[in-house]
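Trainee: One letter stands for each residue in the lines below.
There are 2 protein chains.
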Amino acid sequence: MIKRIDGGVCAAKGFLASGVHCGVRKKRTKKDIAMIYSECRATAAAVYTTNLVKGAPLLVTKKHIADGYAQAVICNSGNANTCNADGVEVAEKMSAMAAEALGIRADDVVVASTGVIGQPLPLAPIAEGIPMLVKALSREGGTDAAEGIMTTDVVKKEIAVEFTLGGKTCRMGGIAKGSGMIHPNMATMLVFMTTDAAISAEMLRKALTTDIKKTFNMISIDGDTSTNDMVTVLANGMAGNAEITEEGEDFDTFMKALNTLNVYLCRAIAGDGEGATKLLECKVTGAKDEACAKTVAKSVICSSLLKAAMFGADANWGRVLCAIGYSGADLDVNTVDVSFRSAKGDILVCQNGAGVPFSEEKAKEILLEKEIEILVSLGNGTGEATAFGCDLTYDYVKINGDYRT
Amino acid sequence: MIKRIDGGVCAAKGFLASGVHCGVRKKRTKKDIAMIYSECRATAAAVYTTNLVKGAPLLVTKKHIADGYAQAVICNSGNANTCNADGVEVAEKMSAMAAEALGIRADDVVVASTGVIGQPLPLAPIAEGIPMLVKALSREGGTDAAEGIMTTDVVKKEIAVEFTLGGKTCRMGGIAKGSGMIHPNMATMLVFMTTDAAISAEMLRKALTTDIKKTFNMISIDGDTSTNDMVTVLANGMAGNAEITEEGEDFDTFMKALNTLNVYLCRAIAGDGEGATKLLECKVTGAKDEACAKTVAKSVICSSLLKAAMFGADANWGRVLCAIGYSGADLDVNTVDVSFRSAKGDILVCQNGAGVPFSEEKAKEILLEKEIEILVSLGNGTGEATAFGCDLTYDYVKINGDYRT
Numbered sequence: 100m101i102k103r104i105d106g107g108v109c110a111a112k113g114f115l116a117s118g119v120h121c122g123v124r125k126k127r128t129k130k131d132i133a134m135i136y137s138e139c140r141a142t143a144a145a146v147y148t149t150n151l152v153k154g155a156p157l158l159v160t161k162k163h164i165a166d167g168y169a170q171a172v173i174c175n176s177g178n179a180n181t182c183n184a185d186g187v188e189v190a191e192k193m194s195a196m197a198a199e200a201l202g203i204r205a206d207d208v209v210v211a212s213t214g215v216i217g218q219p220l221p222l223a224p225i226a227e228g229i230p231m232l233v234k235a236l237s238r239e240g241g242t243d244a245a246e247g248i249m250t251t252d253v254v255k256k257e258i259a260v261e262f263t264l265g266g267k268t269c270r271m272g273g274i275a276k277g278s279g280m281i282h283p284n285m286a287t288m289l290v291f292m293t294t295d296a297a298i299s300a301e302m303l304r305k306a307l308t309t310d311i312k313k314t315f316n317m318i319s320i321d322g323d324t325s326t327n328d329m330v331t332v333l334a335n336g337m338a339g340n341a342e343i344t345e346e347g348e349d350f351d352t353f354m355k356a357l358n359t360l361n362v363y364l365c366r367a368i369a370g371d372g373e374g375a376t377k378l379l380e381c382k383v384t385g386a387k388d389e390a391c392a393k394t395v396a397k398s399v400i401c402s403s404l405l406k407a408a409m410f411g412a413d414a415n416w417g418r419v420l421c422a423i424g425y426s427g428a429d430l431d432v433n434t435v436d437v438s439f440r441s442a443k444g445d446i447l448v449c450q451n452g453a454g455v456p457f458s459e460e461k462a463k464e465i466l467l468e469k470e471i472e473i474l475v476s477l478g479n480g481t482g483e484a485t486a487f488g489c490d491l492t493y494d495y496v497k498i499n500g501d502y503r504t
Numbered sequence: 100m101i102k103r104i105d106g107g108v109c110a111a112k113g114f115l116a117s118g119v120h121c122g123v124r125k126k127r128t129k130k131d132i133a134m135i136y137s138e139c140r141a142t143a144a145a146v147y148t149t150n151l152v153k154g155a156p157l158l159v160t161k162k163h164i165a166d167g168y169a170q171a172v173i174c175n176s177g178n179a180n181t182c183n184a185d186g187v188e189v190a191e192k193m194s195a196m197a198a199e200a201l202g203i204r205a206d207d208v209v210v211a212s213t214g215v216i217g218q219p220l221p222l223a224p225i226a227e228g229i230p231m232l233v234k235a236l237s238r239e240g241g242t243d244a245a246e247g248i249m250t251t252d253v254v255k256k257e258i259a260v261e262f263t264l265g266g267k268t269c270r271m272g273g274i275a276k277g278s279g280m281i282h283p284n285m286a287t288m289l290v291f292m293t294t295d296a297a298i299s300a301e302m303l304r305k306a307l308t309t310d311i312k313k314t315f316n317m318i319s320i321d322g323d324t325s326t327n328d329m330v331t332v333l334a335n336g337m338a339g340n341a342e343i344t345e346e347g348e349d350f351d352t353f354m355k356a357l358n359t360l361n362v363y364l365c366r367a368i369a370g371d372g373e374g375a376t377k378l379l380e381c382k383v384t385g386a387k388d389e390a391c392a393k394t395v396a397k398s399v400i401c402s403s404l405l406k407a408a409m410f411g412a413d414a415n416w417g418r419v420l421c422a423i424g425y426s427g428a429d430l431d432v433n434t435v436d437v438s439f440r441s442a443k444g445d446i447l448v449c450q451n452g453a454g455v456p457f458s459e460e461k462a463k464e465i466l467l468e469k470e471i472e473i474l475v476s477l478g479n480g481t482g483e484a485t486a487f488g489c490d491l492t493y494d495y496v497k498i499n500g501d502y503r504t
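Top line first, the protein sequences correspond to chains A and B. Just so we're aligned, residue 100 is where the first sequence starts under the numbering used here, counting upward by one. Just so we're aligned, residue 100 is where the second sequence starts under the numbering used here, counting upward by one.
Treat the hints as calculated values from the structure; they're not laboratory data. Honestly, I wouldn't trust all of these hints.
[Unchecked claim] Calculated lysine-lysine pairs in the BS3-like style (CA-CA distance at most 25 Å, straight line): (1) B/K312 <-> B/K267; (2) B/K461 <-> A/K497; (3) A/K463 <-> B/K469; (4) A/K355 <-> A/K305; (5) A/K497 <-> B/K125; (6) A/K469 <-> B/K382; (7) A/K255 <-> A/K129; (8) A/K463 <-> B/K125; (9) A/K312 <-> A/K255; (10) A/K126 <-> A/K234; (11) B/K463 <-> B/K382; (12) B/K463 <-> A/K497; (13) A/K313 <-> A/K382; (14) B/K267 <-> A/K125; (15) A/K497 <-> B/K469; (16) A/K461 <-> B/K497; (17) A/K192 <-> A/K267.
[Claimed, not checked] Where chain A lies over chain B, by a calculated footprint (3+ residues, C-beta under 8 Å): (18) 171-184; (19) 236-243; (20) 264-275; (21) 289-302; (22) 401-412.
[Said to hold, decoys possible] Beyond 10 Å from chain A on every Cβ pair, some chain B residues (computed): (23) K129; (24) A200; (25) P230; (26) V362; (27) D436; (28) R440; (29) E468.
Backbone N, C-alpha and C define an ideal beta-carbon position, used for all residues, glycine too.
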């Protein structure tokens with residue numbers, strides 16, 4: 100039983116957080132740095148972008164949590180600290196300053212940056228911000244931290260859940276930032292999760308790497324895999340449950356809680372894609388296998404043409420067929436069915452690879468909703484997958500036509 | 100010596116063409132059907148989309164030119180005749196009607212359709228249009244044919260060249276339509292070429308399949324590989340040169356002429372991408388090999404983020420690095436240089452994988468031009484490639500938000 104609760108990244112026992120404006124961004128009204136702190140050392144796991152160009156903070160974080168432990172997260176927005184000659188040095192300094200201010204080990208800090216690529220990240224505002232962050236740390240600071248990591252995000256993304264392991268109440272919370280340059284592969288945008296469940300570093304890593312394949316790696320806003328994607332989870336064990344050290348009932352419950360968090364954050368990230376007006380979910384069933392289902396779902400969700408059609412609430416299912424056809428997946432186009440579904444109902448538009456008569460009026464009504472499901476049945480097996488995305492709008496172009504200025 | 104001449108698809112001896120409005124499209128001012136006719140049978144070659152969903156006309160054309168010969172082309176716009184239960188039957192009828200009206204063999208007709216997917220193509224307007232097309236056939240009809248195959252294209256695309264084979268003057272011309280759903284693989288949008296050079300069917304096929312790998316397969320407007328892409332060439336031998344039946348000097352000259360045509364048409368298609376305001380060319384040098392160069396060039400030209408930045412004339416080179424990094428090509432990001440170039444000059448923005456100081460003012464001046472080159476040097480070998488694309492604009496979204504309505 101996974102129950103939604105309030106509190107975001109501070110819902111789990113022993114976690115404090117904060118977010119402030121330190122000056123990386125010029126705009127004083129926008130928070131640009133965030134901190135998460137656990138009262139004791141936590142087991143930690145992370146997954147990173149597969150882009151060959153990797154943000155300097157990722158390299159530093161990878162080194163820091165190689166031992167499976169961490170105690171704090173420091174993350175700025177407004178500058179990605181990527182493709183800078185002094186990037187690693189700056190990330191190390193940022194991390195060391197946070198460790199010193201918190202009185203923890205230097206290699207127990209997860210460091211992250213998000214924003215523009217290729218502009219040196221100045222340390223002065225960070226040095227000013229860290230004492231402010233430490234002072235502001237509180238059980239109520241989760242929302243501030245969620246704000247501190249936002250770039251072009253419009254909506255804050257946070258969630259928390261409660262679940263039981265061996266009679267002990269555990270909590271798990273997460274914050275995320277997404278928006279543009281989102282097409283994760285192996286890792287994804289910035290997501291920080293906390294839990295008070297006790298779980299070994301090894302099992303935490305296993306849980307995270309297993310779950311992201313069905314969640315964050317199935318999002319695409321624009322097909323661009325960022326250089327700074329990272330998902331991390333800290334587990335401090337303060338719930339007092341018997342530590343999870345192997346697969347079994349407790350691990351399954353933990354996985355369910357993690358998946359609840361991640362699906363929520365995925366939908367939040369996709370629905371708040373740059374310029375997006377709609378959340379799109381492509382649900383593929385009847386595939387030869389899961390890999391095939393994933394390939395098809397991602398191909399559909401990535402189609403610029405389909406994304407633009409969804410923006411226009413146009414039931415242009417030919418574009419769904421087209422994207423299925425070029426996906427590269429092994430399938431028979433003559434057994435493909437396509438429907439659109441939303442809160443207003445569902446409508447079959449294509450059967451056995453050919454169009455069927457349908458009410459354009461009804462289709463329009465369905466597609467004018469804010470959350471649209473594109474249902475694809477391949478009639479070819481039992482493989483299933485869901486991909487998350489958003490529509491392509493004027494605002495995506497506007498936001499990215501002058502992001503730096 | 101390849102010389103540009105006028106006449107498009109009718110520049111070569113013995114070719115006539117026409118284009119009229121027959122009623123597939125409602126708008127009477129837009130031509131919607133085109134014909135090309137050779138006074139004698141011609142050797143023919145074609146390449147087709149790799150999309151598993153293939154337009155019915157492609158299946159019929161493939162059958163018709165399996166013997167290496169064709170004599171006429173019939174192509175309508177406004178309806179792709181794809182994903183329709185009766186598609187093949189309709190394409191066969193369309194082809195048979197054209198053959199009968201021209202008095203040629205039924206299997207010597209290349210048939211093509213372009214437009215919306217999944218709406219039955221009515222034969223009545225086609226039946227009405229064919230006699231009009233035959234009547235209108237002329238040496239001056241190339242431009243009308245170029246217009247007849249346009250969908251959301253803004254600009255007509257036609258070209259012709261003259262060259263010499265064994266002392267005989269030969270000509271080659273082509274027309275194309277592109278615009279949206281353009282991300283060819285193995286074949287591409289619609290391109291029809293004609294030549295009066297004598298060349299065997301086998302060598303014609305070889306010439307075409309070799310050249311498209313460097314030309315049409317290197318274009319991307321929006322990453323969507325259409326269901327109806329096709330490039331065809333008819334060679335009727337009326338120039339009187341000794342038939343090309345093997346590799347050698349004549350074949351090389353023929354290849355040069357073909358490449359001149361194709362590069363021109365590629366640039367025309369990319370620059371007239373849906374909603375485009377700019378032609379983008381990504382020129383990659385110093386790659387480990389050609390395959391690697393192609394992968395990088397295509398990844399850069401496909402990046403929605405970079406395309407939007409180019410629309411805004413923003414020298415956001417971090418997005419170039421990002422697209423290079425996720426391309427999947429084998430390379431060292433620490434030896435990558437990036438420059439932007441246009442008629443206003445060029446500017447180095449990234450060296451050895453990190454930013455270099457540059458004049459934003461100068462960069463803006465360069466990027467405000469209509470034709471932009473993105474120069475990527477990988478410092479890793481001698482492989483080279485060029486990819487063709489366009490910027491991502493409000494109008495792309497507008498055009499595709501309500502294409503069917």
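Trainee: Decide, hint by hint, whether the structure agrees.
Mentor: Quick rundown of the hints versus the structure:
1. B/K312 <-> B/K267: Outside the cut-off at roughly 29 Å; violated.
2. B/K461 <-> A/K497: Given pair B/K461, A/K497 holds - Cα atoms ~22 Å apart, limit 25 Å.
3. A/K463 <-> B/K469: violated, 37 Å
4. A/K355 <-> A/K305: With Cα atoms ~13 Å apart, A/K355 and A/K305 stay inside 25 Å; holds.
5. A/K497 <-> B/K125: violated, 33 Å
6. A/K469 <-> B/K382: violated, 40 Å
7. A/K255 <-> A/K129: Roughly 12 Å separates the two Cα atoms, so the pair holds.
8. A/K463 <-> B/K125: holds, 23 Å
9. A/K312 <-> A/K255: holds, 23 Å
10. A/K126 <-> A/K234: holds, 22 Å
11. B/K463 <-> B/K382: holds, 20 Å
12. B/K463 <-> A/K497: holds, 17 Å
13. A/K313 <-> A/K382: Given pair A/K313, A/K382 holds - Cα atoms ~12 Å apart, limit 25 Å.
14. B/K267 <-> A/K125: violated, 69 Å
15. A/K497 <-> B/K469: holds, 19 Å
16. A/K461 <-> B/K497: holds, 22 Å
17. A/K192 <-> A/K267: violated, 39 Å
18. 171-184: holds (count 5)
19. 236-243: With 0 residues in contact (Cβ-Cβ under 8 Å with chain A), the coverage given for the stretch 236-243 of chain B is violated.
20. 264-275: violated (count 0)
21. 289-302: It is violated, with 0 qualifying residues against the three required.
22. 401-412: holds (count 8)
23. K129: holds, 20 Å
24. A200: holds, 29 Å
25. P230: Label holds. Min Cβ-Cβ 30 Å, cutoff 10 Å.
26. V362: holds, 24 Å
27. D436: Given that every Cβ of chain A is farther than 10 Å from that of B/D436, nearest at about 12 Å, it holds.
28. R440: holds, 19 Å
29. E468: Check passes; 16 Å lies beyond 10 Å.
The structure fails hints 1, 3, 5, 6, 14, 17, 19, 20 and 21 (numbered hints given earlier, in ascending order).
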